[in-house]
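Q: Sequence:
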Amino acid sequence: MAMAKRELMAKRAAQEIEDNSVVNLGIGIPTLVANYVGEKKNVWFHGENGLLGIGTSPNKGNENENNTNAGGFPCTNVQGSSYFDSCTSFAIIRAGLIDLTILGALEVSEKGDLANWIIPGKLTPGIGGGMELAQKAKKVIVLTTHVNKNGVSKIKKLCTLPITALKCVDLIITDLAVMKVRNNRLELVEIFSHTTIEEVLRKTEAELFIPENVGVINYARE
0 MAMAKRELMA
10 KRAAQEIEDN
20 SVVNLGIGIP
30 TLVANYVGEK
40 KNVWFHGENG
50 LLGIGTSPNK
60 GNENENNTNA
70 GGFPCTNVQG
80 SSYFDSCTSF
90 AIIRAGLIDL
100 TILGALEVSE
110 KGDLANWIIP
120 GKLTPGIGGG
130 MELAQKAKKV
140 IVLTTHVNKN
150 GVSKIKKLCT
160 LPITALKCVD
170 LIITDLAVMK
180 VRNNRLELVE
190 IFSHTTIEEV
200 LRKTEAELFI
210 PENVGVINYA
220 RE
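Here numbering that gives the first Met the number 0 is used: the first residue of the sequence shown is 0, the next is one more, and so on.
Restricting the straight-line Cα-Cα distance to at most 30 Å, the calculated cross-link-like pairs of lysine-lysine (DSSO-like) are: (1) Lys-155 to Lys-202; (2) Lys-148 to Lys-166; (3) Lys-10 to Lys-110.
None of these hints come from the bench; they were simulated from the model.
Please construct the entire structure, taking both the sequences and the accompanying hints into account.
A: Right, here's the structure in full:
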């Protein structure tokens, strides 16, 4: 059975995680990344709701309603995990102790600007930890669909929605491609096997540099 596109994105993002790192997973698609890291890497997943040591999603029927990730969904813990209050959790973030954060996005610009917290006129719970994470994490990866539900590109020349943080994004992984922000421009790194470079260009508003060699991700071969 083919993997859902959100699972493909999460699996590709997991490849970016280095051994012995502290990683924060944002709400939405990023929470799936923990399922693809495997046991060979020593990774500590952080949730800004106050948990270090998030494990994989629990099997159905084994959920603990008191043990959730930042999105409020049930999670498991790894051995040695710890709980703490929100003040401690945000102190960890603001001190720059997060090696990598993987966040969702509403828009990303070609310079790495991130907009991910509000669509004006729509109800929102607030900016949460996104602003601190985008500014203070050592590396920022965004996971998002390439276009919104109206078919409009989320990969913009300039963000039109309220900004979370400027020039903070290092890598963008969408349901079509992997793009790197380098020297204030966007460079295509890889495409998924179900798409083409032409489709990626057609659905990208930002100026996208195409190198001579672009990788193709095909998890069906594994």
